[in-house]
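Assemble the complex: chain A is given as a structure, and chain B must be docked to it using the hints.
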Amino acid sequence: MLRACLRGANATARVRPPHSSLPTAVIATGLLTVSGGVGGTILYAKWDHKFRAAVEKNVPYSDRLLGLALGPAPQDVGLPVKNQVKSPSAAEPLKERPVEEVAARLAQQDQEEQDILASSLEESLASSAKATLQAIGAQEAALQAITQHTHKLKEAMEAEEKSAQWKDLEAALADRTCSVNDAGTALLKANEALGALRSVIDDSKGLKIAAVHPLVLAAEENLHNMIVDLDKVVTKVQSAESEAKIVSQYSELVNEAKQQFQREVSSLTPEIQANWKGLTGKLSADDLNALIAHAHRRIDQLNRELAEQRVREQIHIDAALEQQKLEDQKALEKAVNTSLQHVKEDARLEQERKLAELREVMEAEMRTQLRRQAAAHTDHVQDVLKVQEQELRAEADQVLSSKMLEQETRYRQLNQEQLDNFTLDMNTAYARLKGMEEAIDSHVVAEEEARRAHQLWLSVEALNYTLKTADADVPTVPLKSAAEAVRDSCHDNDFAMALASALPEESLHRGVYSEASLRARFNSLRSLARRVALIDESHNSLYQYFLSYLQAALLFEDKQEAPPTQLSREDLDPFKLLSYASYCLEHGDLELAAKLVNQLRGEARRVVEDWLTEARLTLETRQVVSLLSAYANAVGLGTTQAP
Amino acid sequence: MSEKELGKKWDRCLADGAIKLGTGLGLGIVFSVLFFKRHTWPISLGSGAGLGMAYANCQNDLRSHYLLHKSEKVGCRSAFVRTCVSCCERVEKLTNFVNNCVR
Numbered sequence: 006m007l008r009a010c011l012r013g014a015n016a017t018a019r020v021r022p023p024h025s026s027l028p029t030a031v032i033a034t035g036l037l038t039v040s041g042g043v044g045g046t047i048l049y050a051k052w053d054h055k056f057r058a059a060v061e062k063n064v065p066y067s068d069r070l071l072g073l074a075l076g077p078a079p080q081d082v083g084l085p086v087k088n089q090v091k092s093p094s095a096a097e098p099l100k101e102r103p104v105e106e107v108a109a110r111l112a113q114q115d116q117e118e119q120d121i122l123a124s125s126l127e128e129s130l131a132s133s134a135k136a137t138l139q140a141i142g143a144q145e146a147a148l149q150a151i152t153q154h155t156h157k158l159k160e161a162m163e164a165e166e167k168s169a170q171w172k173d174l175e176a177a178l179a180d181r182t183c184s185v186n187d188a189g190t191a192l193l194k195a196n197e198a199l200g201a202l203r204s205v206i207d208d209s210k211g212l213k214i215a216a217v218h219p220l221v222l223a224a225e226e227n228l229h230n231m232i233v234d235l236d237k238v239v240t241k242v243q244s245a246e247s248e249a250k251i252v253s254q255y256s257e258l259v260n261e262a263k264q265q266f267q268r269e270v271s272s273l274t275p276e277i278q279a280n281w282k283g284l285t286g287k288l289s290a291d292d293l294n295a296l297i298a299h300a301h302r303r304i305d306q307l308n309r310e311l312a313e314q315r316v317r318e319q320i321h322i323d324a325a326l327e328q329q330k331l332e333d334q335k336a337l338e339k340a341v342n343t344s345l346q347h348v349k350e351d352a353r354l355e356q357e358r359k360l361a362e363l364r365e366v367m368e369a370e371m372r373t374q375l376r377r378q379a380a381a382h383t384d385h386v387q388d389v390l391k392v393q394e395q396e397l398r399a400e401a402d403q404v405l406s407s408k409m410l411e412q413e414t415r416y417r418q419l420n421q422e423q424l425d426n427f428t429l430d431m432n433t434a435y436a437r438l439k440g441m442e443e444a445i446d447s448h449v450v451a452e453e454e455a456r457r458a459h460q461l462w463l464s465v466e467a468l469n470y471t472l473k474t475a476d477a478d479v480p481t482v483p484l485k486s487a488a489e490a491v492r493d494s495c496h497d498n499d500f501a502m503a504l505a506s507a508l509p510e511e512s513l514h515r516g517v518y519s520e521a522s523l524r525a526r527f528n529s530l531r532s533l534a535r536r537v538a539l540i541d542e543s544h545n546s547l548y549q550y551f552l553s554y555l556q557a558a559l560l561f562e563d564k565q566e567a568p569p570t571q572l573s574r575e576d577l578d579p580f581k582l583l584s585y586a587s588y589c590l591e592h593g594d595l596e597l598a599a600k601l602v603n604q605l606r607g608e609a610r611r612v613v614e615d616w617l618t619e620a621r622l623t624l625e626t627r628q629v630v631s632l633l634s635a636y637a638n639a640v641g642l643g644t645t646q647a648p
Numbered sequence: 002m003s004e005k006e007l008g009k010k011w012d013r014c015l016a017d018g019a020i021k022l023g024t025g026l027g028l029g030i031v032f033s034v035l036f037f038k039r040h041t042w043p044i045s046l047g048s049g050a051g052l053g054m055a056y057a058n059c060q061n062d063l064r065s066h067y068l069l070h071k072s073e074k075v076g077c078r079s080a081f082v083r084t085c086v087s088c089c090e091r092v093e094k095l096t097n098f099v100n101n102c103v104r
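Taken in order, these protein sequences are the chains called A and B. All residue numbers in the first sequence are consecutive under our numbering, ending with 648. All residue numbers in the second sequence are consecutive under our numbering, ending with 104.
Any given hint could be a false lead.
Calculated pairs, DMTMM-like style, for lysine to aspartate or glutamate (alpha carbon to alpha carbon, straight line, at most 20 Å) [unchecked claim]:
no., chain 1, residue 1, chain 2, residue 2
1, B, 10, A, 541
2, B, 94, A, 596
3, A, 335, A, 318
4, A, 237, A, 226
5, B, 10, A, 542
6, A, 600, A, 563
Derived coverage of chain A by chain B (criterion: at least 3 residues anywhere in the stretch with Cβ under 8 Å from a Cβ of chain B; other residues may be distant) [to be verified]:
no., stretch
7, 502 to 515
8, 610 to 618
To be clear, the hints were calculated from the coordinates, so they are not data collected in a lab. The structure displayed is predicted, hence computed values, not measured ones. Idealized CB from N, CA, C, for every residue including glycine.
Isolated chain B, as found in the complex:
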């Protein structure tokens, strides 16, 4: 179901964002605690990095369809074209037969 795809993407996005944010936060906290003497900047850095990564992933994921990879470039297009062509052919056949019978 193509309509559920977006939902799934958003789910993934949020999940990923949560994980990344959490992980970043955690790491930031850890780093902050461990290495940076309880400064807040690693936490914010970590969470910000996490959030940014999540944002970028989400965006990428949402865009993925429109991005043509080098290998798929022609095939995707041709597949699409092929399906279109076969559909048109089928419709043409049908219309021809109907025309013949009518005649």
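Just chain A, same shape as in the assembly:
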């Protein structure tokens, strides 16, 4: 059973891979490749930061993955050290300070150090100078004291012994020792100070700040000078001391000799006191002999010693020379050493000074060169900038011109459009305006016409009115003004002008008689005409006159008789005519009356001639006026507009 199961499992195991091996293999290979790629990327990113940055930039979310895998990316070291030192003090995050600020800070620090150094140098210089001066002073004093002492010693040796001099000498000696001690201490102090100065100079030299160099140099020079002075003084003192030593040695020898002599003398003559100069009276002959013998012995001894000395002079001299030579050599060596040191020091200082000068010169030259280069560079840059500017300007001009052209064309187009529209509008407006103007003008013309017509009518009415101003037997006012008025008010009207000018002259100048006056006058005329009815060209003698008068007295006719429409022969009788005319006049028909009166002949006609002309005048005027009035009315009607 189990075997069967196993077999089955084996079978299935054997059977399964051939069916599903390919897809699984593919999947496995794919997974392997991907993981390998990712791992390799991560590893490489860990090693190469630029690659990491590139990956982070190009592949999204890779920065998170890389951060998880490798930790945050390291930043670039771009800040100066000092700023990092300062950063804990600043609350804001680190950021690179501008170059000017750093340079300023450095300069400031340099300045501070320089100041400190300068002050320290000055201090030490001052102190050392003081000490040196003190030492020199002390040395000089010592020198003085030594020379004094020596001098005194010499004097004391040469001169007679005196207690004051010995006191002076002792005082001088004490003084000398004192001063020498002082000099020694001062020298020590000076040396200390100089040592300190040297150390300070060395420190400052170690700091290597360029601005301090001259100060350092100056300090070194001062130091050197002080050392030189000190040494000189020391040598002087030493020489003085050596001289003093010689003198003291000499004095010692002399003293020794004296003492020996004294001892000898005292041994010979024990009573004699030391101060044997004042004892010349007290000495005895033995003493004197002994003294002389001693003296002779001493002289012999001394002669012997002298001979010996002379013999050994050369050797002694040689030995002394040798010693001297040795000493000289030593001294020379020492002097040479010191001078050598001094010279070395001098040379070094000189070198350093020269170096400093040279450095300055070089720096100046370098500065000028740099300046020149800078100038050249600026020139070049200027040139390049100019060229660039020109190019850019040309380009910009071109662009500008093209844009401008475009804008201009557009503008022109728009302008043209606007102009067209405007012209159109203007034309329409103008047309309308013209129309309106014409309408108004025509209106005005019409109104003018109306006004003129009105005026004409008014003037005609005035003229008409003047006709009524006639009183009985008085003609009207001259119609001249009214006629003028009418003429004025109708300048352009030919008809009216003609009519106005058709008024008879008499009426203009004199006026016309009214109908009533004419009627009245006719009534008076009638009787006269009756009386001369028979008179004419052929019958005009006085007898005829009598007859005519008689006829008029005897004939009776109707006062007024209506005239027929047609006049026949019988109607041409004057009496009849007169009655017809009266009738017409009574009925207001002046025209017919005039016509009838016109038919009179002969003397009657002559008599009524004036009346006839007057009647004619009146008729004419009346006709013209009525015509004018009718015309004015017609024109007025024509121009009047119905409301």
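Using the frame of chain A, we list chain B on its own:
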């Protein structure tokens, strides 16, 4: 005034007649007295002559219009004709204008 003319003529006539009659009478009287021994015939002659002269003057005066003098003969007539013609012309003009306007 043409109507007053006759009156004036008569006035003149009467005045003239009176003067002449008077003068004649006077002269007649004078002559009669002076030359003709107070006969009445110079007086009557004088007055008659005066009256006759007056009558003749009066008649002449009254006739004067109808008498055409040799110099005025044509001119008077022509003047008269001219006035008539101008009057007719004026009337004609007027009528023409009226006709035109009416048309």
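Outcome of the hint check:
1. B:10 x A:541: Holds, because 16 Å separates the two Cα atoms, which is no more than 20 Å.
2. B:94 x A:596: holds (19 Å)
3. A:335 x A:318: Violated, because 24 Å separates the two Cα atoms, which is more than 20 Å.
4. A:237 x A:226: holds (16 Å)
5. B:10 x A:542: This hinted pair holds, its Cα atoms lying about 17 Å apart.
6. A:600 x A:563: holds (19 Å)
7. 502 to 515: Satisfied; 3 residues make the cut.
8. 610 to 618: Check passed, 6 qualifying residues.
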